[in-house]
Amino acid sequence: MRQALLIAVDRQFIHDRVYHGLGGVPLSAFDTRLWAHNKAVNYQKMYPYDPAKARQLLDAAGVRPGPDGTRFTMRLLFETAKPEWLPAAQALQRFWQAVGVKVVLEGAERPVILKRVYSDYDFEATLQTYTTLGDPALGIARTYVSESIKRGVTFNNVSQYSNPEIDKLFDEGRDAHTQEARKKHYDRIQEILARDLPVLNLHQQPQFAVANARLQGLWQAANQQWWGSVWMK
8 MRQALLIAVD
18 RQFIHDRVYH
28 GLGGVPLSAF
38 DTRLWAHNKA
48 VNYQKMYPYD
58 PAKARQLLDA
68 AGVRPGPDGT
78 RFTMRLLFET
88 AKPEWLPAAQ
98 ALQRFWQAVG
108 VKVVLEGAER
118 PVILKRVYSD
128 YDFEATLQTY
138 TTLGDPALGI
148 ARTYVSESIK
158 RGVTFNNVSQ
168 YSNPEIDKLF
178 DEGRDAHTQE
188 ARKKHYDRIQ
198 EILARDLPVL
208 NLHQQPQFAV
218 ANARLQGLWQ
228 AANQQWWGSV
238 WMK
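Under our numbering, think of the first position of the sequence shown as 8, with each following residue one higher.
Hint data in this document are derived by calculation from the structure and do not stem from the laboratory. Just so you know, nobody snuck in bad clues.
Below are the DSSO-like pairs computed for lysine-lysine, each with C-alpha atoms no more than 27 Å apart in a straight line:
hint: 1; residue 1: K175; residue 2: K191
hint: 2; residue 1: K109; residue 2: K89
hint: 3; residue 1: K122; residue 2: K109
hint: 4; residue 1: K190; residue 2: K175
hint: 5; residue 1: K175; residue 2: K46
Small disclaimer: the values here were computed from a predicted structure and weren't measured.
Turn these sequences into a full structure, and let the hints steer you where they fit.
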């Protein structure tokens with residue numbers, strides 16, 4: 008069913024129309040800009056947009072449409088403060104309803120959504136953004152490992168996906184002594200996640216910031232601005 012839901016979504020449309028061509032279309036569970044990305048895994052080739060095939064997969068999973076054409080209904084939660092998320096949610100609604108999945112959009116402010124998603128588990132699907140923090144051990148493992156299934160903790164494994172092989176590989180990838188050795192474990196992780204799809208990766212978001220050219224010492228890290236070191240030229 009998860010494979011069907013991914014195939015039913017035109018991710019290129021979301022990239023072009025919702026995000027205006029900024030960022031990128033994900034090819035695996037790891038951001039393509041990360042050193043650990045497995046180039047042999049390509050969601051666009053494995054799961055190309057194909058509503059007809061999505062319907063076939065849903066039929067094969069035993070989720071057939073009723074008299075009104077609806078297979079099942081799910082609520083999609085998203086934050087209203089993020090302007091791109093309403094059109095993204097509406098796009099998902101349209102794509103999934105085209106294959107018989109009725110989607111009820113439920114938008115709310117950030118504190119409400121975080122509580123419902125991470126504390127109450129009161130959702131069927133949700134739009135969330137996770138940063139890689141530059142390393143799979145820091146920003147990606149928390150999305151998939153079993154020990155990260157902790158109710159009430161934000162931005163963890165809220166899908167409750169639990170796979171002992173994935174847990175072991177993330178541990179080995181973290182503890183290996185060279186980047187080359189680490190990548191072997193992360194490559195295998197991406198192969199497994201491409202099959203299981205506990206999370207449907209819809210978009211790679213870029214981060215943009217603007218500063219006056221006279222402002223010096225601002226960019227001290229890939230995604231952090233350290234104001235204590237700033238001075239004017």
